[in-house]
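Peer 1: Now for the letters of each chain:
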Amino acid sequence: MRNALPIVSDSLITNWNRLDSSNTYMVRSKDSSREKVDDKKVIQYLLGQLPEEERSRLEEMFFSDDELFEQLLAIEDDLIDDYVRNELSRKQRKQFELYFLSSPQRRERVEFARALLQTIPRPVSPRQSLLGSLRAQSPALRFSLATLIVLVIGGGSLLVIDALRLRSRIARIEAERIELQRQISQQSAHNTDLNAQLQRERYLRQMLEQEIARLQQLQPTIISFALLPGMTRDIDDPNRITIPPGAQQLRLRLLLERIGQYNGFRAELRGPEGEQIMSPNLSRIRPGDSGKAAVLSLPISLFNNGSYKLTLKGITSSGDLDAVGDYYFTIAKQ
Amino acid sequence: MADDIIHSEDETPQDDMNYSEDKIPGEDETTSEEETTPKRKNGLTKETFDLLLSTLNPDRERAGEEYEKIRRKLIYFFELRGCSQVYELADKTIDRMTKKIIEGEKVEYPQTYALSIAGYIYKEYLKELKNIGIPIEDILASRNPPRDPRELEQTPDPPKQKERIECLGQCLKRLPNENRELILQYYQGEKSDKIKKRKKLAQMMGVTLNTLRIRAHRIREELEKCVTNCLRQFNNKLE
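Taken in sequence, the protein lines are chains F and D.
Residue numbering for the first sequence is 1 to 334, as defined by the numbering used here.
Residue numbering for the second sequence is 1 to 239, as defined by the numbering used here.
Looking at chain F on its own, in the form it has when it is part of the complex (with noise of 0.2 angstroms):
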């Protein structure tokens, strides 16, 4: 004999048994999964009011999407926070209360969401905390506080000018860190730009540094002549240097008046018009033959026909520069 009272309702039954018999969950692939969900479906779905079919679809989707599935959690959030607020309608309220409530861990979470929008300050609308107090209060309590109400009002204008200050102010520092937010992203993007350029320098060099590797691999004819400093032959023909064809480097070896008296040299040398043609930040010399002379070698590439001078510096133990000599000589290019 059949009981009087509602058991498990059959409807709940034969709607899994057809989705047993279509076999959907098993064929459906992950992709087809890939579609919309809009934010008033999950709600629907969460209260309980989608019918059985589309519920189903709704669960497929979000087993095979976890973006979905966290999606909808997150509408979740948003639901639980509307009923603590109370900003749900009088349906969807009872509806949530009926269906999404009979779980223990959703009260819990309910609970939750009560919690974090206390603890989290937001503005009160004061008409409506106002109108809450006077209501739970006796009419003579009622009355003060109306009278309170009115001096509140009263005084209320010079409130509202700090107000709009204020209003002013935070917007006015909210421009303000957007703008810093702004030069910061430059920043970045400024320092990826420096990044790129340092890159682009390693680079060059290491391609500068394989090719003066490949050079020096190379045998160079090198012409050899030593100078003296402030020596020129005459005034009209200095120190002469003829340069052969296919010479393509010239060793100078500087003489020094004074012996061992420097760790190491810097040179630099100006052409015919005076031009720098070589600072001597890039030139360290070490000294040759026991500190009596310096030896520099120079490409001839660096040469036209004309008068050089060459000025030396000492580089002594302090690591001072001091002026050791000029040396005057002449190019002639065969």
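Source of the hints: derived by calculation from the structure; they are not laboratory data.
Among the hints, erroneous ones may be present.
Unchecked claim - Derived DSS-like pairs (lysine-lysine); straight-line CA-CA distance at most 27 angstroms:
# : chain 1 : residue 1 : chain 2 : residue 2
1 : D       : K106      : D       : K69
2 : D       : K197      : F       : K41
3 : F       : K40       : D       : K200
4 : D       : K196      : D       : K162
5 : D       : K127      : D       : K100
6 : D       : K194      : F       : K94
Start from chain F and add chain D according to the hints.
Peer 2: Relative to chain F, chain D alone:
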């Protein structure tokens, strides 16, 4: 009357619902080997659990994550249907799924496959309820008589709520600054103002509103876990 609530013993629910024609996979199918093998808490041996993991993903760590995802979704599935013992039902679903894999079932999409098994488990659950004569409405509405949220706001289990707020404060402090700032901004405003503020926040962060919502949810979830742990510690101290 009790007689009215409980099924008579000679009544066969399977016949009523045509269950005999619709065989539930894995139901009442126990082998002698399973009966003798020691079982883990969730009903899986180490070997079967390893097999399940290897089906989910060849990388064990990822497989573990996938397992957790499936379990979580299953809990959600049963929770939304107002089932009691949702964790047990979720584990039962996973056990059944593993069993099917051992039997040679090819599972291409484990998550949707788990959902299909969950459907069967839910059907069994309803059947059990029917057998013991519990009206379906009892597991839903009547367990939670409607209450006015305003009334709840005034008396929401006050002592526990006080502790919860205290815990939440501590948990908020523990969040990285960026996340704390996000969550505080996200929950500003009410109704349409709230939506405007969220849109603005998303715009400032250069993300879509949906991405922002998911980020806020993740932080909230982290907070919820932290608060649950904190409350547990609080209760332990009291005991």
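Peer 1: Next step is simple, just say for each hint if it's right about the structure.
Peer 2: A quick look at each hint next to the structure:
Between K106 of chain D and K69 of chain D the CA atoms are separated by roughly 20 angstroms; this keeps the pair inside 27 angstroms, and the hint holds. A threshold of 27 angstroms between alpha carbons decides the hint, and for K197 of chain D with K41 of chain F the separation of about 24 angstroms falls inside it, so the pair holds. Note on K40 of chain F and K200 of chain D: the hinted pairing holds, with a Cα-Cα distance of about 22 angstroms set against a maximum of 27 angstroms. Distance hint between K196 of chain D and K162 of chain D is unfulfilled; the C-alpha atoms sit about 31 angstroms from each other, more than 27 angstroms.
At most 27 angstroms may separate the alpha-carbon atoms for a hinted pair to count; K127 of chain D and K100 of chain D meet this at roughly 22 angstroms. Annotation: proposed proximity of K194 of chain D to K94 of chain F holds, straight-line Cα distance about 23 angstroms (limit 27 angstroms).
In the structure shown, a violation is registered for the earlier hint numbered 4 alone.
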